[in-house]
Each structure stands twice: as C-alpha cells, then as structure tokens.
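Following UniProt numbering, the numbering of the sequence shown begins with 1 at its first residue and continues without gaps.
I should point out that these hints are in silico values taken from the structure, not numbers from a laboratory. All residues carry an ideal CB built from backbone N, CA and C; glycine is no exception.
Here are the simulated EDC-like cross-link-like pairs (lysine to aspartate or glutamate), alpha carbons at most 16 Å apart as the crow flies:
id	residue 1	residue 2
1	K629	E435
2	K58	E38
3	K112	D102
4	K629	E509
Using C-beta positions, here's what the derived DEER-type ranges look like:
id	residue 1	residue 2	range
5	D298	E551	25 to 35 Å
6	L625	R468	17 to 27 Å
7	E62	D298	54 to 64 Å
8	A323	A530	32 to 42 Å
9	A302	D96	22 to 32 Å
10	A302	D583	30 to 40 Å
11	V695	R162	24 to 34 Å
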Amino acid sequence: MTSHLLPLGDTGWSVWRDVLLRTAGFPAAGLDRFAAPEAAAVADAVLAGESSPELLDKALREAFAESSAAAGEIAADPLLREAVTWQNPDMLVALDGLLRTDPAVRNVRRRKRELSLLRYWQRYCGKAETIGFFGPVCWGTIDPDDPRTRLTPGPALVRRRRVHFEAWALIAYADRVADDLAVRRWWAPALQPHLTVRDRQLHWPMHPPIALTAPEARLLAACDGRTPAVVLAERLHAEGHLRGADDVYLLLDRWVERGRLSWDANLPVNPDAERVLVERIAAIGDPELRDRVGTGFDRLRAARDEVAAAAGDPDRLAAALAALSAEFTAVTGRPATRHSGQMYAGRTVCYEDTARDLDFRIGAPVLDALAAPLAVVLQTARWLTAEIGVGCADLLGELYEELAADGPVRLADVWLLAQGTLVAPDGPIARAGAEFTRRWAELFGLRDLPADQVELRLRAEDLAGRVRELFPADRPGWPSARLHNPDVQLVARSAEAIDRGDFLLVLGELHPAAVAYDSAVLTPFHPDPAAVRAALDADLGPARLRVLWPENWPRLTTRTTYHLTGPDDRQLGIDTARGADVDRLVPATAVLVERDGDGLTAVFPDGGRWPVMEVFANLLGPLLLDSFKLLDPAPHMPRITIDRLVVARRTWRTTAEASGLAGHADESARYLAVRRWRAATGLPERVFVKVGTEVKPCFVDLTGPLYAQSLCAMVDAARKVGPDVPVVVSELLPDPDEAWVSDAHGERYVSEIRLQVTDAAAGRSSEESR
Numbered sequence: 001m002t003s004h005l006l007p008l009g010d011t012g013w014s015v016w017r018d019v020l021l022r023t024a025g026f027p028a029a030g031l032d033r034f035a036a037p038e039a040a041a042v043a044d045a046v047l048a049g050e051s052s053p054e055l056l057d058k059a060l061r062e063a064f065a066e067s068s069a070a071a072g073e074i075a076a077d078p079l080l081r082e083a084v085t086w087q088n089p090d091m092l093v094a095l096d097g098l099l100r101t102d103p104a105v106r107n108v109r110r111r112k113r114e115l116s117l118l119r120y121w122q123r124y125c126g127k128a129e130t131i132g133f134f135g136p137v138c139w140g141t142i143d144p145d146d147p148r149t150r151l152t153p154g155p156a157l158v159r160r161r162r163v164h165f166e167a168w169a170l171i172a173y174a175d176r177v178a179d180d181l182a183v184r185r186w187w188a189p190a191l192q193p194h195l196t197v198r199d200r201q202l203h204w205p206m207h208p209p210i211a212l213t214a215p216e217a218r219l220l221a222a223c224d225g226r227t228p229a230v231v232l233a234e235r236l237h238a239e240g241h242l243r244g245a246d247d248v249y250l251l252l253d254r255w256v257e258r259g260r261l262s263w264d265a266n267l268p269v270n271p272d273a274e275r276v277l278v279e280r281i282a283a284i285g286d287p288e289l290r291d292r293v294g295t296g297f298d299r300l301r302a303a304r305d306e307v308a309a310a311a312g313d314p315d316r317l318a319a320a321l322a323a324l325s326a327e328f329t330a331v332t333g334r335p336a337t338r339h340s341g342q343m344y345a346g347r348t349v350c351y352e353d354t355a356r357d358l359d360f361r362i363g364a365p366v367l368d369a370l371a372a373p374l375a376v377v378l379q380t381a382r383w384l385t386a387e388i389g390v391g392c393a394d395l396l397g398e399l400y401e402e403l404a405a406d407g408p409v410r411l412a413d414v415w416l417l418a419q420g421t422l423v424a425p426d427g428p429i430a431r432a433g434a435e436f437t438r439r440w441a442e443l444f445g446l447r448d449l450p451a452d453q454v455e456l457r458l459r460a461e462d463l464a465g466r467v468r469e470l471f472p473a474d475r476p477g478w479p480s481a482r483l484h485n486p487d488v489q490l491v492a493r494s495a496e497a498i499d500r501g502d503f504l505l506v507l508g509e510l511h512p513a514a515v516a517y518d519s520a521v522l523t524p525f526h527p528d529p530a531a532v533r534a535a536l537d538a539d540l541g542p543a544r545l546r547v548l549w550p551e552n553w554p555r556l557t558t559r560t561t562y563h564l565t566g567p568d569d570r571q572l573g574i575d576t577a578r579g580a581d582v583d584r585l586v587p588a589t590a591v592l593v594e595r596d597g598d599g600l601t602a603v604f605p606d607g608g609r610w611p612v613m614e615v616f617a618n619l620l621g622p623l624l625l626d627s628f629k630l631l632d633p634a635p636h637m638p639r640i641t642i643d644r645l646v647v648a649r650r651t652w653r654t655t656a657e658a659s660g661l662a663g664h665a666d667e668s669a670r671y672l673a674v675r676r677w678r679a680a681t682g683l684p685e686r687v688f689v690k691v692g693t694e695v696k697p698c699f700v701d702l703t704g705p706l707y708a709q710s711l712c713a714m715v716d717a718a719r720k721v722g723p724d725v726p727v728v729v730s731e732l733l734p735d736p737d738e739a740w741v742s743d744a745h746g747e748r749y750v751s752e753i754r755l756q757v758t759d760a761a762a763g764r765s766s767e768e769s770r
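Please build the complete structure, drawing on both the sequences and the hints.
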C-alpha cells in the first residue's frame, strides 16, 4: 500500500501526498476592470505641481465613466449575479439599480451601489476562499517521481455541487413542530452534555451537587438522548415513581426551564443535521403525527432541491431561494435569515459547496524547492506548540493543585477555570506568541535592517543551525500538534513555467497544530474520504477527542466542523450545547484529572486516559493561528525570502488617522489623498489592505478612483471607532499575471495550495495515552 506521506526532502518532515487547491471563482484579470493608470499619472503630476486641477477633473470624469460602464457590465454578468444571489440576495437590488440607471449620472445612490459591487468583485476575483461555486475546492496529489506539474481543466468551472440546509434552520423547524406536545413527547430528552447524575445528585461544574428527589434522580438519569419522552413516561409510571405521563412531562419542563435538561430533536450543528432529523421523524410512533411532521419537512426539502436544481441560472436560483425562504417561514413562523451582515454566521436557510472541474498534480520541482525553506518555518511552529504546551501545562498544574486540596479533581472544573486564563493578554498563548515574534526578528536580524530595505534574501542552509538555537524543540507540545497546514501560493505563468523552474513560492498562512483535511467543507470532495481518515489514524492514533461546543461559540456554523468520525472517537461535553452524539458523549463532570508523572491525565469513566493538553488542544487550535506572527507591527517590513519561498510579504503599517485617508469631502480629494499616501509610503499600485475594523483584507488598485473611494470610506468608518485603528498594507504576490491555474478558456485564477505536514517527532498518541 502506498504511504500517505512523502519525505520533505531530507529535512525529517513529511508532507501528505494529497494536496488541496483552493481557487477564486472569477478570473484574476477582473481585478483590472476598475484600474485607471492614466488618471493616476495626472493626479501624481498635480501633486508634483506639474499639472492642473482641471486636467485631473477631466481625467477623473473619464475614469469614473469607464468604471461605471464596467460596473454595469459586471452587474449583468450571470455568474456574478448567481454568486451574489447565494451570498446576499438583497444585493440584487443594487445590481438591478445599476442596470436601470444611466451610468453617466453618478448620483449618491449609484455611487453607493458601485462601491458595494466593487467590494464583492474584488473578493470574487482576488481571494482563494471556499465560498460556494465562486470559491471552489479541488483535491490533487504530489508526485515526487514526476518532473512535471500537470493541470487539466474540464469544460466547466465546477464539477460537483452540494446544497445543504444550515443546521440552525432544521433546528428551528424541529423546535416549531415540537410546540405541539404530541410531537415533542417523541423527542428524546437529554441531560445537558456536561452534567452527570450520581447518588441522587446532579453534578455541575464549580458548584456543589444539587440534591434530587428519588423521582427526579430516576428521571434525569434516564434522559439519555435516545429514549423518547413518551417511553420515559410509561417506564416511570410503571415503576411507581410518578403518577402519570403528565407529571413526567411537567417535571421535564421544570428541568428544561432550569437549564439542566434539553428536550428537543437534538440535532447536530453540522451537515448531518438533515439525516438526523429524518431519523427523528421516522421514530415518531404515531403514524398520523409522523406523516404530518414529515409532510412539512418534505416541503422544505423539496424547496431546497429546487434551489440545488437552479445551479447556473441566477434568475431561477433567486426565485428558488425566495420560495425556500417563504416555505421556511410558512412552516416555522420564523424569519429565513439571521445574523445579518456577519461573516462565518450561517445566515441563510441553505448553502452550497462545490468542487472545481480540474485535475492537477504537483511535480518534484515544487516539492524540492519547498523542502528546505519550509523546514525552517516548521521548526519554529514545533517550538511554538512546545512553548505553549509548557505554559499551558504549568497553568493547568497550578489549577489542579488548587482544586486537589478539596478532593478529586474534575475536568469540568479545570476547563471552566482555565479557558479564560489561557486566552488572556498575559496568558501562556500570548506570551509564547510575543516571544515567537521576537525570536523571528532575531533570526532574520530585522532590528539592524535599513528602514527602506525592499527584500531580505536568505538561504535555508545558512539558517538551519541558527533556527535550532533560537527555536530549540525536539517534539511538539501535545500529540495532535504534530500536524500543520501551510497555505502556499505558486507564482508562475503556467504549469509549463513551473516545469522550467520559472516559479516562486509564497507562504500565505501556516496553521500550526491544525488538521485541515478533516473538514465538513473540504473533505467530502476528496475521492476517498475513508482513506483520509485512515491516514489521520496513522499519524495520530485511531481515536479523536472532540469538544461539543456551546451554541454561541465563535464561528460555530454547519460548515465549520469536522467531517471524519471513527468508532473510537469521543465527544466531550463542556457546557450547555445542542447536538450531542450520545453514543460518544462523555460529560466533563464525569472525567477526573490525575497526576501522571510530570503531566496531567484525564481519566474517562470507561478507563480511557487522555493527556489533558490533548483535551485543551480543541480550544488552542484556532488561537495558534493568531500567535503564529512572524513580524513585529513595524511601519515597514521587507519581503523575506528563504531560497525560493517568500515567508513574509512586504508590508506597511499605519493608522486610520496617520494615513491621511479619512475626512475628505469629495471624490477628487479622496483620490488625491490615496495618491499622496501611495507616493509618501512607496506603495506598489496593487496591494491588499486590512483595516482593523474589517474582518478580511481587500484588494485595492491604487490607480482606480472607485477603489480609492472604497478605501477612504473604510478608513473613514475606522477613524470613527478610533484614530489608532490599524491599517495594514501588503504587497500583491502573486500578481494576477502570474496565476498558474487556468480554465479551459485560458483565463487565470488566483489560487493557493493547502498542504498537510506531519512532524516525525510526536508526543504520545491518543492510543498510547489510553
């Protein structure tokens, strides 16, 4: 059997044979639609005293006329309209407004619509994000024996589409039908996932147990999330604990009101929610009731299927989504959207994921060029996990000693006390992150560089010894920390250019201690998901420990969860939450923490033993990305290149106030402010800008008047929050002309390769710990 791992040169690290490609859904050339180099030249001449304001006014009128015409063409593009329909159907009003009005009449309303369109357009053309068909994913392989990188696009943009309900929408339907007690009694009540009943007491974190009456103890102990309430009522009545079914239902309601019990369909917040709801409805014992509930759900599913069938037709899609929303409101009595304007929020009833119509294989030259410089970065990632592991272990040890003074220590209490301290500004993660950045600066000698240095070129061979001195770590900080996910962009004009060696590599983000290949968004499109799980088992052992997150956990949506579940996996209940997998659930109040040599071990009721750090790894994962910052927030940092890998793009930092971009009254003044800022700072014409009040960076062509209006508007809004809101600029690399992924028509697309890297040095695996 072929191993899933390939050696990363002779570095001792291994990279997975499988590789993931994320791409934009619109050609990179679209970023140039709103560029205006002629207007920029006139504006620069005005600032230099070499031209007149009248000439600038004329140049801007012409540039705005061209951008307004481009906005109209884009607004009519069926692909753009389909993308916007999926993401924000209300934006269609703005698109239609652009099409109805004269592009020469740029009143306030049209200007706002053009800016709104621009913000969607720059994202669709310039960001390799997984956002439906306008950000499709694609799985390929690395072949170390092939000297060629092979790229074979199919005739279409996407090959596979999947439309899922958002879990919140199905939960809303299940809750609505459960307003009828006749339905609700067929849902299985469950103790909240972090609680346990023992010795006629209800145990909960950081509090003395709650004393229970005999009927309460019997009832709560029987609420296992599997047994319908109607069956519980029959059992308890037969056993003589309560007089009748109504008394059981009343007692259930009381404990639900106290927040200790859930009594609903117990749907998971993941794409399996639909399958689980089908099973819940099928378990309703009353045929007439089951048919009624099933009929309502079938209406929703039929409307969802119409949405899926409308792919490629924006008008049909808009109508199908509107019909689904109307059907949802009709059967639930609730709005069909939530969390308006928020990202990572699962706002609508359903969503679409897609796979790109593309086959690709990365050849040996890329792997060879990546090996040595990436190993430098990976050594620092290992050190970061080790440092955080030590800091967290010290903190957890202190908490353990305090709690142990009063008797056996429960994991629930350690978790509750630790989570706030771990993420505090002076906590172990923040301290390790600050020291990590300081050591990177020392490794590169950044303090001694001239302020205007454009690029720092280094050799991995020269850095190897020094990186081991500054980042001394011979193993990761916890078992699952041996996996890392770097995002790498290829700078090349084509696959053939890569074969000739005419390419550069750019490190985007490195996600330390992360397992991106187990993802509800990405993994289902792999040709053999079971093989991915088997490969993970080979690296980490056959069991995973998953935390059941509370409903209000940041970025918890149907898509942002794991996909691959194994028979030995366990789910840890740490707080009030929906959707427990009752066959795998272990309440944190039932888990004890014990000393095990120098470390702490979580001892599960079945005798299973897990390193406590592996438990907290579930919490640490998202935080490590924020800690993995290579550079200080200096006003200017050069591009840093190790061999052929750019590990840091050139960046500039300022604030909303200091940039000089805020507070300008008209379009001409804003444009001149942008050109003045660009000249004073020495910025390239095309950059990415991250304003501190925005969630994501955006592409800006500093020659484009419409881009200038958008940038100034963002900085204006930021300055209202505070004058010191950061504004961070990074160079555009790769340039759109150097986007190597193309479609069947020769159009180029922004892309990034996500790798999964395995550390040869590993902590104890979960299986060894058990």
